[in-house]
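Trainee: Protein chains in written order, with the working numbering: chain A, 12 to 393; chain B, -11 to 461.
Treat the hints with care, as some may be off.
Here are the simulated lysine-lysine pairs, DSS-like style, with alpha carbons at most 30 Å apart [claimed, not checked]:
1) A:K44 <-> B:K379
2) A:K99 <-> B:K449
3) A:K99 <-> B:K55
4) A:K238 <-> B:K379
5) B:K167 <-> A:K99
6) A:K44 <-> B:K167
7) B:K360 <-> A:K279
8) B:K449 <-> A:K222
9) A:K354 <-> B:K360
10) A:K44 <-> B:K55
11) A:K328 <-> B:K449
12) A:K354 <-> B:K363
13) B:K379 <-> A:K328
14) B:K159 <-> B:K366
15) A:K279 <-> B:K366
Pulled from the structure, derived: some chain A residues nowhere near chain B, Cβ distances all over 12 Å [unchecked claim]:
16) G95
17) G138
18) E378
No wet-lab data here; the hints were simulated from the structure. Here the structure is a predicted model, which is why all the values come from computation and not from measurement. From the three backbone atoms N, C-alpha and C, an ideal C-beta is built for every residue, glycine too.
Take a look at the letters that make up each chain.
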Amino acid sequence: MPATLESPPVKGKFDLLDWPVRTVENWRFGSWKEANLSGLEPAGAGKSGDLPAEVDGFTRFVFENGTLVSGSHPQVSELNQSFGPESKLGSPKLAALHEAQSKHGLKISASGEETAIEIIHCVSGDGLVMPSLVIEVAAKANVRVIERFISVGSDATTVVSAVDVKLNDGAEAKYLVTQELNLASKLIRLADSCLEGASNATQAVIHSGAKWVREETYSTVDGSDGKSHILSVALPGTGQEFDQRTFQHHGARDTFSDLLFKNTLFGKGKTIFSGLIFVDEGAHGTDAYQTCRNLMMTDECEAHSMPGLEINADDVKCSHGSTSARVSDEEIFYLQARGIDAKSARSLVAMGFSIEVIEKFDDETLEALALDVVQRKFESVS
Amino acid sequence: MNSETATVQQVALEKDDVGNFSYPEKHKYDAGYGLTKDTIDYISKVKDEPAWVNEFRHKALEVFESKPMPTNWATEDLDNIEFDKIRYYLSDGAKPKRSWDEVPPEVLETFDRLGVPEQERAFLAGVEAQYDSEAAYSNVKEALAEEGVIFVTCSEGLKEHEEIFRPWFGKVIPTGDNKFSALNSAVMSGGSFIYIPKGVKVKHPLQAYFRINSENFGQFERTLIIADEGSEVMYMEGCTAPKFETATLHSAVVELVAMKGAKIQYVTVQNWSSNVYNLVTKRGLAHEDAEIRWIDCNIGSRLTMKYPGVIMKGERARGEVVSIALANDGQHQDTGAKMIHAANHTTSNVVSKSISVGEGRSTYRGQVHIPKHLKGCKNNTECDALLINPKSRTDTYPAISVKGNQHVTQHEASVSQVSEEMLFYMQQRGLNEAQAMSLAVNGFINDLVSEFPMEYSVELKRLIDLEMEGSVG
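Next comes chain B alone, as it looks inside the complex:
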């Protein structure tokens, strides 16, 4: 163990000594391998859920089992998921505890180079079950509570705030939407429930970190955010540092509801380790004059399939997806956007940039739908792909349906590589080839990176440098 990690562990221990950490009982709840009706009953029992939730889970299981794998359009790598070998529920206490010795040295090095605060490292590496953020953020939490903001786990939400939770739960993404949303509905655990009351504008971005004593990054997390009339909120999930994981399947469902004039921004930075299947369904419902923005960055995982969507249900609603994907050796980033225009004068914008390094593959899949008898809908889609090495791969599969002549849509995609001239120019000015490449790549995504909150964008740039390392020269 190097001195750096020793210090981290020491810090963690010291904190424990003074009683700042509360560990749940170890290995308390484990639903075992495989998925049956009993697994679901077990989860419901452990979580002490109301009957309607248990019933909801059982119905979802039936749907999951009846739906075929979407390999008619998606990658066949999906067939490699062994559903019988997955543990569908482990409560915090049952998460396998790791020692620092088990954490791969490259992960530790990455923490170092990204400048991740030491307190966070222990949590990210899975050495600690929770990340203690109470002290740092208690002021924020207090302020939120005063304004009537509800920010709890999904399990708490469905039990304690049923009157707000239930009318919207499963409404934006019905169980039967796709095979993996059904799987999530059957075995969901973790995730957040957020309610922003009318007119409240939350100043600070909310992060899953803030929540105390909760399952943070669940395998099957379920998040529901409701922004009431005229409110505003930004939510951030994930982090730029690699999250070391042994579980191989992550299937989350995120539903956003923006009432009249509300604004929701949902920021994701995904950096799962490269053995993880990350199959996520995310969709928002925007009422009159509301705005939903998905800001998405995918760097990790083996296969990510994620197409954040916005249903623009009210007039003048607005939807936006801004996405960055980086696919390295052995990775497939299959991301995109779905824009469903369901009212007059709704506008949507999709900007997607992907970088394929080594043998990485990045895919954009998009859908824009403008049905009959609407007026003044506008969509703009731009996807740009950058290929770094001769075996890098990129695909683009958009689908745009327009009915009627009162709309404007445009779609544009380009594929390019960093030009020799550009590299030569920079090398002449004293940069080596790798530095020049990194500068060019950062330039390619620069305008999107600036959409992320400041601390994220700084880390993102460093992270991309890190990923690019060794791919050139």
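Extracted from the complex, chain A is given alone in its bound form:
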């Protein structure tokens, strides 16, 4: 018998905290009411669905709601409780919910070269699914991880996912998340990463489905010469809202981070981007960049951008930029002059806009997978 939120097994933190409210700065422009999950119970047993094609070289793990139905790898172990995520970007209640109730997940302890793991979450049922993922990369090790969220059927499932990525000196990680939930479901994703020493991480998300997404990405670069790349492609249409909050924390000298978020908005789609580059006192020699671009495809879409900087050291190079515009008439004209009709031309330019992010993965397998998700979304909206 699954416990309800009214009587969680771990009392304390969760009960003391409040659901997000409008006045919290981290929820500015956001649909804070969507985050109130009171009354929701964990979803029961999951269903099996059609799985996407296997990815070459990757070991596949499949979850149906809270149950691991397939997959094994010497460097991967199963979690039966939450690792205890923290939310520093406005959702401590949701983090506490995960801590109290998450019962499944994986821990990847990458120690060699070429570890490649694919995790598929098939979710169903009108309830909560709360997976955990811990990725720990040993010094000089190298890992690639794909995590996919897929709805089975048309239930309104609420996914609360928490991720903790830790890289040791000289480690390298590429981590791609694709979200293709149905338009009744919600995703709340709390993603933390910490880079020690001269490590290099690329984290990317592709948001195609879901009614509402709240994603909090907190990247800490704590080691000199650490490099964090944070990428996102979001493609909301009518009835979809993607609320992404990011934090690029530079805690040591000579650290690097680069964030590129591109949103292509269709129908009445809505996006909220709030990012902050935070440079600690003494973190001199920091290079930090943050760019959020919104491509407005219709007259009814809506984009909010809050790119922020807090700089406490002087020898730094930091910049952020945010733009919102539509496909320019010149570009359309150029393609029309070459025999492509206006509609295809617009979609061609928009695809190119997303592909600029995907090319930054610098990994053919991950790029092909991401492109496939993007292409399918474009086909469904046009």
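Using the hints provided, position chain B relative to the given structure of chain A.
Mentor: Just chain B, lined up with the frame of chain A:
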């Protein structure tokens, strides 16, 4: 006392002797410490205000008391304001008179180095209650009056020009806009009311200095400027010289209304002494084809929170904020801009440059709002920050909301320091490190400084040099 200040005092005395100065009665009106309903009634009584103003003040007090401090997004330094220890109304006569001996020597030195005219020094230091400018500007005033320009204090405006004043008063910035606009509405005194009739283009910039026998830089000044169809005006407040102050809270409200095709430029140079909280609400309403420009320079104060805004209500209206901020040790310049697009084909531009010296902190906070079903709105925002020392700090928090695909917005911000190569290059050519730094900093803000009227920009450059002194080398 050095000979310089002695001369200044002598000049002042001589002028007094010939009867050019008229001092109001000393310590005549003082509402005491703290803010209650009685304080408000006292102010209304002293100012002999109509009943509607008194009622307006009382409502504002309720709003002020009911609103929380905005510390959920703003600095917690706000909690250090002790509202009970503030005197909310002192008429001119009651301003504590100072002697030259009480004015800190560094202020005097600054006057010297900036080349402030001696007549102005006495006023700026607070040794004199007023700055006598009648002789210098009487021609200007005459010309203005002939064209039908109204340029009076806010108190005079609401009494003598109620028919023009009242329809717009509190309309651009309603009392409940924020806690400090409510405070201002409750205890406002000082400030200007300006009305420019249709088609009149005022050639000379108007300055608060010009007004005679008025409370010039009030703690809670309230300014309303209405530019009627097709008119143009430039208004300047403040000055580059440090204004020596003992009051610690300044909370002004400035409302601008530009009717069809009108153009208003509002220039501020803020250099309050570094114990002052400067919490200001400034907003303009631009009708069809109108243009409102805020040109803002913040150098002084302990904490400044000021985000001049433009509501572009009519088609093709234009809004612009040009801002320079310099934050030195112990200072936080929290400035920015608000651009609300409310009609088709409206355009706005924000250019903000800040310099953080020593442990100073400068913040840019901006809002751009383009609602649904509008066409052809454009916004450009640029903010650049320059950090001089290892403990200097800068923050940028813009928020841009765009609905629909017929608009273009772009926002860009950068943070940098003066490069070693640049300094080395200049040092090779015979400048010392401090000179080289000053040249680099002046280069950084040069294009913005040129937006200020000429006499201001000359003083500004000197002032920035002065502030930078000792921070390098």
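Trainee: Of the numbered hints stated earlier in the document, which are not met by this structure?
Mentor: Violated: hints 1, 2, 8.
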